[in-house]
Amino acid sequence: MTLALDIKKLNKKYSDFTLKDISLQLPSGFIMGLIGPNGAGKTTLIKLILNMTRRQSGVIKVFGRDNIIHDKEIKSRIGFVHEEPHYPGYLKVKEIGSVFSRFYSNWNKNRFFNLCREFTVPENKRINALSRGTKMKLSLALALSHDADFLLMDEPTTGLDPVFRRELLKRFSRIIQDEKKAVLFSTHITSDLERTADYITYIHQGEILFSITKDQLFEEWALVKGGNEILNPETQKLFKGLRKSSYGFKALTSDKEKVRTNLSGQNYVMEKPSLDDIMFLLSKGEINA
Amino acid sequence: MLKLCWKDFYITRFFWIPVPFFFVILLSTFIFSELLFLTAAVILTFIMTLSIPLIEEYYRTEEIIASFPISHPSVVIARYLTSFFIIIIGMILFMISSLFYSSIFKENQIDLKSVVSFEGGMLFLGFSLLFTLLFFPLYFRLGTGKALFSFPAFLIAVSAVIWLINKILVLITGKSFLLIKNVQANIIKSPIHYFSEWILNINKGISLALFILILAVVFTGLTLVSISLSIKSYKFKEK
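Those protein sequences? They're chains A and B, same order as listed. Here the first sequence is numbered in the numbering used here, starting from 6 and rising by one per residue. Here the second sequence is numbered in the numbering used here, starting from 879 and rising by one per residue.
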């Protein structure tokens, strides 16, 4: 199995934020969704993969090659979508296409114009006149027009209508079918991940809390609800993202068996969590390592 | 690299349509002094070279460029190349303007033809290149806004160093290569004449060709230092 992305012990320090010991693997032929609250480090991680910012330590390999040493070669194989696409507003859509075409040897002009038509991006309109959603569609068309092997997207579905979002997710699934390509995208829309992602990586305050397959996540993880009387220093260690109220507690566990054994005879329920539950509890609850 | 130069001119192409017109019109204010005329042309050309980084910063296109499959040194060198092209455009406009105003204000005893000469071209090129070569390492390190604010202070520091070197040279050779006093005393008299005078008088043994060679070596060295500092800064810059 070829790894499209292999990150090991990646560290990046800013004055007010640190990305700590990030490690993750994405094999070719799969889609990975990156989730986490605002400011968790998703955009920083994407920028580090693209060598747009320098890491302090660690290794980032894209298709087995170091992203700094083979910067140019790697970027030619990446289709990048920025969370807020910035293009000179006075340029027309087709002119931006013309600028991009100069930098990618695999650029397919016909594919770009076909995608513009398919995504209803008017090629003769100035970028200033496009809505946020249409600008994002343009950005996607630009990223998909040079037959990239690795699509790296920072919140690509933000601002898109539900119909187009669904179409786009289907397209991602089609892209990876040849098992040579891979997709990594960050999002706040958990339903998008539930629909398409094969791997889910959760990042919180610069640390990866988990990076596993979606199936593994829903098989191994559970949402536990019960009365506060169950909680004591020992039982609290079983949970992640514990949230207490006067009515009881809600928490996550990645070891259902251990919870069953330790809480046998106690009054609690265990449910399959949604990604929303996971995201909410991990970002708002008390996190045990 | 040339693709990036093309991109710079392509995305700013509408901006370049009124520029020659404004350049020539603005220079008309300074036709009564060759020194001011030259200074204004150098400053206007420097503003023209700033236009591309400013547009890029305004539209935040640096992030897009950073995602293109281009090496970091190429991005930096392309920015220098674009600026050199703009300096050439500025020089052509400067020469055309001087000829144009000399012909239409002939009766007002305005003669700017002396700037259309080897010395005039050298002075324009020298100062324009110097401004660009000093500014770009700051720009790649600090970004356009901060670089623009710190540039005057940086120029003052550079001037102080030149003044110090001149003082040392005066002590050793008894000759000054800075003619600030004379220019201040007679601002209408062209500095180009002083420049020519200096070339001829600096040392009888040094020919003009050798002088040009020394100047070329100095500027090449300065260009290489400036580019390498800019590449180093750009590599570590957050995009």
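No lab work stands behind these hints: they were computed from the structure. Since the model is a prediction, treat every value here as computed from it, not as a measurement. Each residue gets a CB set at the ideal place from its N, CA and C atoms; glycine is no exception. Hints may contain errors.
Stated by the list, open to error - Derived, one-sided and incomplete: chain B residues facing chain A with beta-carbon distance under 10 Å:
(1) 884
(2) 885
(3) 894
(4) 929
(5) 933
(6) 938
(7) 939
(8) 940
(9) 943
(10) 984
(11) 1109
(12) 1115
Each hint tested on the structure:
1. 884: holds (7 Å)
2. 885: It holds, given that the least Cβ distance between residue 885 of chain B and chain A is near 6 Å, below 10 Å.
3. 894: Hint violated; residue 894 of chain B Cβ to chain A Cβ min 13 Å, cut 10 Å.
4. 929: violated (13 Å)
5. 933: Constraint on residue 933 of chain B satisfied, holds at 7 Å.
6. 938: Holds. Min distance 4 Å.
7. 939: This interface hint holds because 6 Å falls under the 10 Å limit.
8. 940: Because about 9 Å separates residue 940 of chain B from the closest Cβ in chain A, which is inside the 10 Å limit, the hint holds.
9. 943: With a minimum Cβ separation of about 9 Å from chain A (threshold 10 Å), the hint on residue 943 of chain B holds.
10. 984: Interface hint status for residue 984 of chain B: violated (42 Å vs cutoff 10 Å).
11. 1109: Because about 13 Å separates residue 1109 of chain B from the closest Cβ in chain A, which is outside the 10 Å limit, the hint is violated.
12. 1115: Holds, about 9 Å.
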